[in-house]
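> Chain order of the listed sequences is A and B. The numbering of the first sequence is my numbering, which starts it at 1 and goes up by one. The numbering of the second sequence is my numbering, which starts it at 1001 and goes up by one.
Please keep in mind that the hints were generated in silico from the structure rather than gathered at the bench. Fair warning: there could be bad hints in the mix.
Chain A stretches covered by chain B per the calculated footprint, using a threshold of three residues with CB under 8 angstroms from any CB of chain B [stated by the list, open to error]:
hint, segment
1, 43 to 56
2, 91 to 105
Cross-link-like lysine-lysine pairs, in silico, DSS-like; alpha carbons within 25 angstroms at most [as the list claims (entries may be wrong)]:
hint, chain 1, residue 1, chain 2, residue 2
3, A, LYS36, B, LYS1011
4, A, LYS68, A, LYS97
5, A, LYS70, A, LYS97
6, A, LYS68, A, LYS56
7, A, LYS56, A, LYS36
8, A, LYS97, B, LYS1071
9, A, LYS56, A, LYS67
10, A, LYS97, B, LYS1057
11, A, LYS67, A, LYS36
A short list of chain B residues far from chain A (calculated; beta carbon distances all over 10 angstroms) [said to hold, decoys possible]:
hint, residue
12, ILE1012
13, GLY1016
14, ASN1051
15, GLU1052
16, ARG1059
17, LEU1061
18, ARG1064
19, PHE1065
20, SER1066
21, GLU1068
22, GLN1080
Computed from a prediction, not measured in an experiment: that's the story for all the values here. Where a beta carbon is used, it is the ideal one built from N, C-alpha and C, also for glycine.
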Amino acid sequence: GEDVEQSLFLSVREGDSSVINCTYTDSSSTYLYWYKQEPGAGLQLLTYIFSNMDMKQDQRLTVLLNKKDKHLSLRIADTQTGDSAIYFCAESRHDYKLSFGAGTTVTVRA
Amino acid sequence: DTGVSQDPRHKITKRGQNVTFRCDPISEHNRLYWYRQTLGQGPEFLTYFQNEAQLEKSRLLSDRFSAERPKGSFSTLEIQRTEQGDSAMYLCASSLGGGGNTIYFGEGSWLTVV
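Please construct the entire structure, taking both the sequences and the accompanying hints into account.
Okay, structure coming up:
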């Protein structure tokens, strides 16, 4: 996933907002995704955004897309301990293949 | 539960042995994908099927790897003559078509080669 980059770690206090950032390289990506992975588990789809949108909100989650800068972010409002996990950004370049970043480990502290 | 199901969840095998993983996609999903994930990395695409046809294979999929989806439903991923470098989590996913159709992942099958 060298074409999708994320910061590796984020520590946030319970109740605060978390912001996870991602940059990608392929301007032809049509969809961008956020997945969540808990220890030893598979990937849970959190949300996705189509490339012609610049924002999408879904309950506590807000996705912002800056297509010009190829920058994607995920904001989690009112972060809870259950939000502690690894978060992956992924771009869909082709109709069938997702390219993932290395993941951001989010730790929620009391 | 009607999500993507994978079996076994964990497999420990000796180097040189063959292993096979099975994936049952979400019912009626015509696309099925295999990814591999190593520690500290994001998943990497291996291959995908549209119904029973295998349409794309990554260069990561060496000759020792073979995937099948004979009836367009479940799929198997076989690794022959396993090597320690094959130790990883093998993730299966499925979707209803491509484009913006969301891709749902299973819980993964952990492989440890000793």
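> Determine which of the earlier numbered hints do not hold for this structure and return their numbers in increasing order.
none
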